[in-house]
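J.: Input sequences plus hints: build the corresponding full structure.
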Amino acid sequence: MRSNKKLIRLLIVLGLMVGIVGCSNSDKKTDTSNVVDEEQAQKENLVKEVKKVMFSLPSPVETTLLLKQAGAGYDESLLNPTSNSTKYNTDKQKALNLGVYGADLSYASIFEQDQTIMQYMQVSKKLAIGLDLLAAIDQSIIDRLEANHDNRDSVIRIISETFLNSNSTLKEDNRPEMAALILAGGWVEALYLATQLTKDVVKDKELVERIVEQKLSFGELTQLLGQYTEQNADIADVVAQLQGVSKAFEEIEIVKSGIETVTDEASGTTVLKATQKINITQAQYDALKKVAADLRNSFIQ
Amino acid sequence: MKKVSKLLVLVVSFVLLGTLSYGQCRTFAKSECKPALEPYVHDGIFNATELSEGESAELYKTFYSNQNYRIAICGDAQLPKIKFSIMDADRNVLFTNAKHSFKRVWDFKMESSQQLIISIEVETNDENISDEIARGCVAVLVGFSAD
Numbered sequence: 001m002r003s004n005k006k007l008i009r010l011l012i013v014l015g016l017m018v019g020i021v022g023c024s025n026s027d028k029k030t031d032t033s034n035v036v037d038e039e040q041a042q043k044e045n046l047v048k049e050v051k052k053v054m055f056s057l058p059s060p061v062e063t064t065l066l067l068k069q070a071g072a073g074y075d076e077s078l079l080n081p082t083s084n085s086t087k088y089n090t091d092k093q094k095a096l097n098l099g100v101y102g103a104d105l106s107y108a109s110i111f112e113q114d115q116t117i118m119q120y121m122q123v124s125k126k127l128a129i130g131l132d133l134l135a136a137i138d139q140s141i142i143d144r145l146e147a148n149h150d151n152r153d154s155v156i157r158i159i160s161e162t163f164l165n166s167n168s169t170l171k172e173d174n175r176p177e178m179a180a181l182i183l184a185g186g187w188v189e190a191l192y193l194a195t196q197l198t199k200d201v202v203k204d205k206e207l208v209e210r211i212v213e214q215k216l217s218f219g220e221l222t223q224l225l226g227q228y229t230e231q232n233a234d235i236a237d238v239v240a241q242l243q244g245v246s247k248a249f250e251e252i253e254i255v256k257s258g259i260e261t262v263t264d265e266a267s268g269t270t271v272l273k274a275t276q277k278i279n280i281t282q283a284q285y286d287a288l289k290k291v292a293a294d295l296r297n298s299f300i301q
Numbered sequence: 001m002k003k004v005s006k007l008l009v010l011v012v013s014f015v016l017l018g019t020l021s022y023g024q025c026r027t028f029a030k031s032e033c034k035p036a037l038e039p040y041v042h043d044g045i046f047n048a049t050e051l052s053e054g055e056s057a058e059l060y061k062t063f064y065s066n067q068n069y070r071i072a073i074c075g076d077a078q079l080p081k082i083k084f085s086i087m088d089a090d091r092n093v094l095f096t097n098a099k100h101s102f103k104r105v106w107d108f109k110m111e112s113s114q115q116l117i118i119s120i121e122v123e124t125n126d127e128n129i130s131d132e133i134a135r136g137c138v139a140v141l142v143g144f145s146a147d
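Quick note, the sequences are listed as chains A and B, same order.
Residues 1 to 301 in this note's numbering are what the first sequence spells out, letter by letter.
Residues 1 to 147 in this note's numbering are what the second sequence spells out, letter by letter.
A few of these clues could be false.
[To be verified] Negatives, chain B to chain A, calculated, CB over 10 Å:
1) Ser31
2) Glu32
3) Pro35
4) Tyr60
5) Ala77
6) Leu79
7) Pro80
8) Lys81
9) Lys83
10) Ser113
11) Thr124
12) Asn125
13) Glu132
14) Arg135
[Claimed, not checked] Computed list of lysine-lysine pairs in DSSO-like fashion (alpha-carbon distance at most 30 Å, straight line):
15) A/Lys203 with B/Lys109
16) B/Lys103 with A/Lys273
17) A/Lys52 with A/Lys273
18) A/Lys273 with B/Lys83
19) A/Lys273 with A/Lys256
20) B/Lys34 with A/Lys273
21) A/Lys68 with B/Lys109
22) A/Lys199 with B/Lys109
23) A/Lys92 with B/Lys109
24) A/Lys126 with B/Lys30
25) A/Lys205 with A/Lys247
26) A/Lys277 with B/Lys109
27) B/Lys99 with A/Lys256
No lab work stands behind these hints: they were computed from the structure.
Model, not experiment: these values are computed from the prediction.
Note that CB positions come from ideal geometry on N, CA and C, so glycine has one too.
T.: Okay, here's the thing in structure tokens:
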């Protein structure tokens, strides 16, 4: 009888714990202190009413597409070699490098490197299986990729589908922190590729601007990871590792104007008009490039 | 021992219910929301959550200059209208579908890269007087032009 009571207590505690973990990502109330004027108070009240906060990182496909549009070339030697995949034994290594390989795969797809695309999809599948994500990259995905390898638009859509499968499955399985690690790996690899392909802040002005703009999504990355640092040591490690990138970005200034919206009634598309000015020196860029390389190389070891 | 069995069933049901509802949310987002992004390419990120009437959520995301985007918002059929607003980082409202017949998609282009806040809110259903509060999945998907 005593053991039954103990078991009952244990089950109640277990039930409460599951409930708490399940809701941990949802109730993020924003601080509403330090209200300075009526307009600010209204905005703060708006935030106060909000219960759920989500952060969304750019897709590696989108980031690498932007790099190509800004003039970046293709350099296969920059990719994380597929042979490295055998070294990844822990869930942290597998998740980070699934993100890294996903970014490499995206980069190869944007530049239509058929053979590399297949190799990196296969290695991504292997890591996905290691993370119990069998459904994310199943054989039908590989088959569709092979059948559509000469159609860049189809390849990009198939790769985006694998990203959706991975992060939705992990969130469904109540493993959002693993999804965050994959996204972090992909974000860091995209920054690494971009910085390795860009040397001079004057000659490569457009590319440098694209790289510096990652300062904005870096904020979202740290906030996303920050949701899990207390309960996940792997995430806490990655957040600590990101400090170098954080400091390098802090040195670089982005000055923005306000946004004005203009809608083309015929197409239904709205243009958000605004200007920005990026203040960066070669030394600041070189520092960012170095910390990005150090961080990425620590991920793929 | 019967009490233990009942509690065990309760706990297991609680766990399964959470997993099942999230799984339904994923299926819903893929089947109902993703097609609304066409011809844009989905960015591959799954942004979805369960909301009740009157509840709201926010999504923070960076959008890049000279890129065309589509945002698609979808909610379960049993939910009332879903209002979505786009704000800049200072929370100035740039667009709200409340002024556009609660349409589900918004196409836009950025002249400079910005972090935007997508605010979604499930309206309360004043017409349906009932003790039950509607609850369901709401998904926010983002597509970009790959041209």
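J.: Does each hint hold? Answer for all of them.
T.: Against the structure, the hints come out as follows:
1. Every beta carbon of chain A lies more than 10 Å from that of B/Ser31, the smallest distance being close to 12 Å; the non-interface claim holds.
2. Interface exclusion of B/Glu32 from chain A stands, the closest Cβ pair being 14 Å apart, more than 10 Å.
3. Even its closest Cβ contact with chain A, about 12 Å, leaves B/Pro35 beyond 10 Å, as expected for a residue assigned away from the interface.
4. Its beta-carbon lying about 5 Å from the closest one in chain A, B/Tyr60 breaks the requirement of being farther than 10 Å from that chain.
5. With a cut of 10 Å on Cβ distances, B/Ala77 stays outside the contact zone with chain A, its closest approach being about 20 Å.
6. Here B/Leu79 stays apart from chain A, with its beta-carbon at least about 15 Å from theirs, past the 10 Å limit.
7. Every CB of chain A is more than 10 Å from the CB of B/Pro80 (nearest about 17 Å), matching its label as outside the interface.
8. Residue placement check: B/Lys81 keeps its beta carbon more than 10 Å from all beta carbons of chain A (closest about 17 Å).
9. Listed as a non-interface residue, B/Lys83 keeps its Cβ farther than 10 Å from every Cβ of chain A; the least gap is roughly 12 Å.
10. Its beta-carbon lying about 4 Å from the closest one in chain A, B/Ser113 breaks the requirement of being farther than 10 Å from that chain.
11. For B/Thr124, the non-interface assignment is confirmed: its Cβ lies about 13 Å from the closest Cβ of chain A, beyond the 10 Å cut-off.
12. Chain A leaves B/Asn125 outside its interface by the beta-carbon criterion, the shortest separation being 18 Å against a cut-off of 10 Å.
13. Here B/Glu132 stays apart from chain A, with its beta-carbon at least about 20 Å from theirs, past the 10 Å limit.
14. Distance check for B/Arg135 against chain A: the nearest CB is about 13 Å away, which clears 10 Å, and the non-interface claim stands.
15. Of the pairs offered as hints, the one joining A/Lys203 and B/Lys109 holds, with about 26 Å between alpha carbons and a cut-off of 30 Å not exceeded.
16. Only pairs whose Cα atoms come within 30 Å are accepted, and B/Lys103 paired with A/Lys273 is accepted, the gap being roughly 22 Å.
17. This hinted pair checks out: A/Lys52 and A/Lys273 have alpha carbons roughly 29 Å apart, not beyond 30 Å.
18. About 24 Å separates the Cα atoms of A/Lys273 and B/Lys83, which keeps this hinted pair within 30 Å; it holds.
19. Simply put, A/Lys273 and A/Lys256 have alpha-carbon atoms about 11 Å apart, close enough for the 30 Å limit, and the pair holds.
20. Between B/Lys34 and A/Lys273 the alpha-carbon distance is near 27 Å, which keeps this suggested pair within the 30 Å criterion.
21. For the hint linking A/Lys68 to B/Lys109, the alpha-carbon distance of about 18 Å falls within 30 Å, and the restraint holds.
22. This hinted pair checks out: A/Lys199 and B/Lys109 have alpha carbons roughly 29 Å apart, not beyond 30 Å.
23. Annotation: proposed proximity of A/Lys92 to B/Lys109 is violated, straight-line Cα distance about 36 Å (limit 30 Å).
24. For the hint pairing A/Lys126 with B/Lys30, the CA-to-CA distance comes to about 24 Å; that is within 30 Å, so the pair holds.
25. The straight-line distance between the Cα atoms of A/Lys205 and A/Lys247 is roughly 21 Å, inside the 30 Å bound, and the hint therefore holds.
26. At most 30 Å may separate the alpha-carbon atoms for a hinted pair to count; A/Lys277 and B/Lys109 meet this at roughly 19 Å.
27. For the proposed pair B/Lys99 and A/Lys256, the alpha carbon gap of about 27 Å is at most 30 Å, so the pair holds.
Of the hints listed earlier, those the structure fails to meet are numbers 4, 10 and 23, in rising order.
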